[in-house]
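There are 2 protein chains.
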Amino acid sequence: MTGKKKYAQASVEAMYRVFTVPEAPESTLSRIDQDISRNLAGFLQEHIVAVERDLSDVEKYFSDYAIPEKPIFVSEQAQFLLDNLVANSVHTASPSFIGHMTSALPYFMLPLSKIMIALNQNLVKTETSKAFTPMERQVLGMIHRLVYQQDGAFYRKWMHDPRHALGAMCSGGTIANLTALWVARNRAFPAEGSFRGIHQEGLFRALRYYGYEGAAILVSRRGHYSLRKAADVLGLGRDALVAVDTDDDNRIQVDALRDKCLELQKQKIKVMAICGIAGTTETGNVDPLEAMADIAREFGAHYHVDAAWGGPTLFSRQHRHLMKGIEKADSVTFDAHKQLYVPMGVGLVVFRDPSLASAVEHHAQYIIRKGSRDLGSTTLEGSRPGMAMLIQSGLKILAREGYEILIDQGIDKARTFAALIDSQPDFELVTRPELNILTYRYCPEEVQRAFAMADPAQAEKLNTCLNRITKFIQKTQRERGKAFVSRTRLEPARYNHFPCIVFRVVLANPLTTQEILADILEEQRLLAADPEAADEMAILTQTANSILAGQALTNKRA
Amino acid sequence: MTGKKKYAQASVEAMYRVFTVPEAPESTLSRIDQDISRNLAGFLQEHIVAVERDLSDVEKYFSDYAIPEKPIFVSEQAQFLLDNLVANSVHTASPSFIGHMTSALPYFMLPLSKIMIALNQNLVKTETSKAFTPMERQVLGMIHRLVYQQDGAFYRKWMHDPRHALGAMCSGGTIANLTALWVARNRAFPAEGSFRGIHQEGLFRALRYYGYEGAAILVSRRGHYSLRKAADVLGLGRDALVAVDTDDDNRIQVDALRDKCLELQKQKIKVMAICGIAGTTETGNVDPLEAMADIAREFGAHYHVDAAWGGPTLFSRQHRHLMKGIEKADSVTFDAHKQLYVPMGVGLVVFRDPSLASAVEHHAQYIIRKGSRDLGSTTLEGSRPGMAMLIQSGLKILAREGYEILIDQGIDKARTFAALIDSQPDFELVTRPELNILTYRYCPEEVQRAFAMADPAQAEKLNTCLNRITKFIQKTQRERGKAFVSRTRLEPARYNHFPCIVFRVVLANPLTTQEILADILEEQRLLAADPEAADEMAILTQTANSILAGQALTNKRA
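Residue numbers (UniProt numbering), protein chains in the order written: chain A, 1 to 558; chain B, 1 to 558.
Incorrect hints may have been included.
[To be verified] Simulated crosslink set (SDA-like; lysine to any residue; CA at most 25 angstroms straight-line):
{"id": "1", "chain 1": "B", "residue 1": "114", "chain 2": "A", "residue 2": "80"}
{"id": "2", "chain 1": "B", "residue 1": "475", "chain 2": "B", "residue 2": "519"}
{"id": "3", "chain 1": "B", "residue 1": "70", "chain 2": "A", "residue 2": "412"}
{"id": "4", "chain 1": "A", "residue 1": "268", "chain 2": "A", "residue 2": "248"}
Hints are computed from structural coordinates only; laboratory data are not their basis.
Given the sequences, and given the hints that come with them, work out the whole structure.
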C-alpha cells in the first residue's frame, strides 16, 4: 500500500464501509430500513390512488440535470424518496386502481424480493447464478406443463437438458412476443442448399432465395401493440403485421384470417406467423385458439399465442376451457408481473418443441459456451435478474388453488360489475367481460334511446359528444386520485364502427369490492354533472332531444 | 354478496389476507423478514464464492415439474429458498469473485430496493408511474450530460419534454445496444418519395428502394456478442456484423475500419452503423473513439459507442481522457448494473440528438398516446420496473466523487495486480489493463523461454498444452469455491494469433485486496501442481525442455 496518496487511503476506507454489510441492528442503515418499511406500510394501507397533483409540478423535484459532485447521506436520500417519489407515485395496489394490468402484490413478495436483490445473481450464465439456473429451468418447465401437459418423462428429459430450453425468461411480454416471433422468422427461412439461413444472411437474401416478396404476421385487430413493434424490430416492417377483423366479441374472424392467408400467398408473401390472443389487452377476449391452430398448420406458419394476460386462466377448472387449443401453439407468452402477481418486470415465452429455441442460439467465448447449462444462449437479453425466484415462490405459496381463486374471483367480479352497469340507466356496457376486463361508458338513458333511432350523421354527432365526456370524466377522476379506470378507443359494430372512447376496467385486485365499484360509478356520474362538462353535456342532451323529437338539430341551431 | 358459495367466501378472505399489509411488527411475515435479513447478512459476510457442489446435484431441488396443487406457508418457502437456493448460489459480492462484471452492491441499495418493489410502478406510462416518470427522465438527463456535456438550457428544454426522450431505459446493455442499432437502421432507410420508411415497409423494400445489396454494422473483433445478436434480430443477419481487426492492445485498427467501409461501399452495402467500444468485455480496452467518429461522419453512418462497461470512467478526472470522442457518438450504451453498482438488471442508451428516438416511436390507444409524457413510446420493452430510482440513489449517495474513487481504485488495483503477475516467473500477463480488466495465464518460466525460440508447430503444441492447463485450473478453482476468475479465448499477435485460453479478471469490487489477489495466484499455482494436471504438465515440460535442448519432441516420442 506504499506510495498511495493519503486521500486515496481515506476513500478506500469510505468505500469499504459502503460495500460492507452493516452488522448492528441499531445501525443507521437498519433504522432507515425500518423507517422505509413503516412509511411503505402506511402508503400501501391508504386507499388513495394518487394525490391530486399535476405532473409538471412533480417534475420540479427532478429538474437537476447535473450529477451531484458531493455525496449525501443515505438518510437524506431516503427522506427525499419518501417525500417526493413515494408521496407522488401511483398506488397501483389500491383496490380502487382498476384501470391497468398492474395490480396489488401478495405481501410475501416483499421479504422474498430481498433475497433476489441481495444475492444479485445474473442468469445469463451459471457462473453468476448457480442454483438460480436450475430454478429458472424449473419455472419454465412448470409453465410449459401448465400449457402443454406433457408427461413426466418429457420433463425429466428436457427440463434440465443443457443443450435445450423449454422457453426463455425475459423482462416482460413485449420481449417474450419478440423472442417468439424472432424464432418464427428464423424458422421460416432456414439454411438450405447454398443459403446459410436468415439468422446468418438476413431477410433480404432470405426472401430472394426463397422467392418471396415479403413475410407477414397475422393477428386480430385487438392484438397488442408489441406485435407491431416486433414486426418493425425484426426488419419486416409494421405493414407486415396484418390485422384481421374481429367479430362482435373482439375475437378474430377465422374465415377472414384464412382469406387473408390465401391472399398473402397469392401475393408471394410468406405467412410467417399467426398470433392468437388469450386475453386481449383492451377487452379481455380470447381468440378461437383451436381453429387458428388448424389454419396455422394449413399454411405452415408458426403459431404463437399471446397469453400475457389470460394465460393464468389455465389455473381455473371453471374457466380453462376458454384456453382450448393453446396447447397447439408453437410458442406461448406469459407475463408474470400480471396475473402471476410477481413484481415488475418479468415475462416468459414457452416453446412446445424443446428444439425451437435453437433458431436464435448465440454463443460467446467467455460465457454461454456450447454445451454449458447457461440460459443466456437462447434469450434475447443478456444479463438478467433472478426474478424466476419470485415466480417459483408464487407458484408454491399460492399454488394452483390460490391462482384459481384469483382468476375465478376476477371473472366473477367482472360479471357482477357488468350487471351493475347494465342496471344503471345512465351507463352502458360496451364490451361484456369474457375474462376479468370490461369496457363501458357514461350515456344518459335518452341518449341511448336517441342513438337507436339516429341516422348515421346524428349518431356520429352523439358519439363525438360522448367521447369528449368520457375523456373528461376519465381524466378528472384520475386527477382527483380516489379511483382510476383507464380509457381506450374501440370501434364496436353496434355503434356503426365509430371510434368510441370507453372506460376500461381490469379486475385483478382481490381487494376490490362491489362497494368500491359502485362508488366509482357514482363519482363518474357526478363528474358528468360537473360544471366543466356542462357545455358538452348540453350539446349532447340537445342533440338527443332533437333526434327524439324527430327534428334535425341542424335546423334548430341554424 | 348473496348467492356466493361458501368456499368462495372463505377463499375471498384468504386472498384478502395474502394481499393485505401485515400491520403487526410481531407478525409471522415480519419474523420471516427478519430471518431472511439475518441469513443474508451471514451469507454476504462470508468470503466464499460458492460451496463446492455439482450443478447436477443442485438440480435435484428443482426437479418438480408440476405446479403444486395446495398452498404452502411462506415460512416453508422462505426456508426452502435459504437452504437450497441461497446456500447454492454464487456469492457475486465476495471480494474474491473477480471473474465477471457482476460485483458487490453498496449496502444501501437493499433498503431502497424495497421502495421500488413495494410500489410496483410500471414505467411504460405515467398512469402507472407518475413521479417515477420524471425521475427516470432526470436519470436519462444526468447520464446524457455526463456523456454529452450540453448546457443548462439544453436540459431545461428537453429533459421533461413529453414529445422527446434523451434516451431509453431498459433491462440491460444488450437491449440498449439493440435499441441503438434499431434507431440506426430506421434512420438509415427513412421515408422518402414513394417509400414510407423501413419501419413501415421493412428491410427488403428498403434495400430495393435505396438500391443496396445489404447493410452492415462495423465493430472491432472484440465487440460484445450482443451486437451480433442485434444484427440477427434486426433482420440484417449475423454476417452484417463486420468484425474489424484490432491492434496489439485490442483496439480497432482505424485504417482497417476505413478500408472495410470503402470495400462495403463498393459492394453496394450500406454502412449503417459503426460501433466503438469503451471497455471491451474480455480485455477492458477502449477504441480510438474520436478517430472512429470521423470515419462514421465520412460514411454517413450512425455512430454508436458501447460503453456498457467503461462509461462510468467519465466520473474520473484522471482517466476520463480515455473516453475522448464519446461525445461525438449518436448513441451511447451504459449498463447500470455494472459500474453504476445498481442491482441486476438495468441499462440505458442515451441519444445525442433528442429527436433520434422518434425513429422507433410507437403508440397505442390505451397508453403511450401521442403527446403523453409516457416513456413507453420509445422503448423496446413495454412494462418496466422503476429501476431508475436506484440509479438516481447511486448518483446522489455516491455522487461523482464516489464513483470516481471506485473507478480510480479499480484501475489502480488492476495495474498493481498486473505488476504482481509480471513479477511471478510462472505466470504471464496476456493483456495489460487499460481499465480494470486484465488477462493472464499460468506459464512456467522455462515454457516462456521455450515459446520464444519455438518454431510455429512447437509453439502451437506448447499453446495447446497451456490452454488445457488454464482451463483445468480455472474450472477447478471455480469448483473449489474460494475464488473465481473467468476464462476466455483470445488470439494475441505475439503468440502467432493462436487461440489462447486465458484467465480473465475484472476488478470492480472495492473490497478486493492485494492479499486476496496474491492468494488467487497461489491457489492457481497449487492447482497447476495438482495430480489431475500432472499428465498435461509433463507433456508441457517435456515439450519445453526438448525445444530448449534444441531437439524436436517428435523424435523423442517416436
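Status of the hints after comparison with the structure:
no. : hint             : result
1   : B:114 with A:80  : 15 angstroms, holds
2   : B:475 with B:519 : 17 angstroms, holds
3   : B:70 with A:412  : 22 angstroms, holds
4   : A:268 with A:248 : 31 angstroms, violated
Violated hints amount to a single one, hint 4; each of the other numbered hints is respected by the structure.
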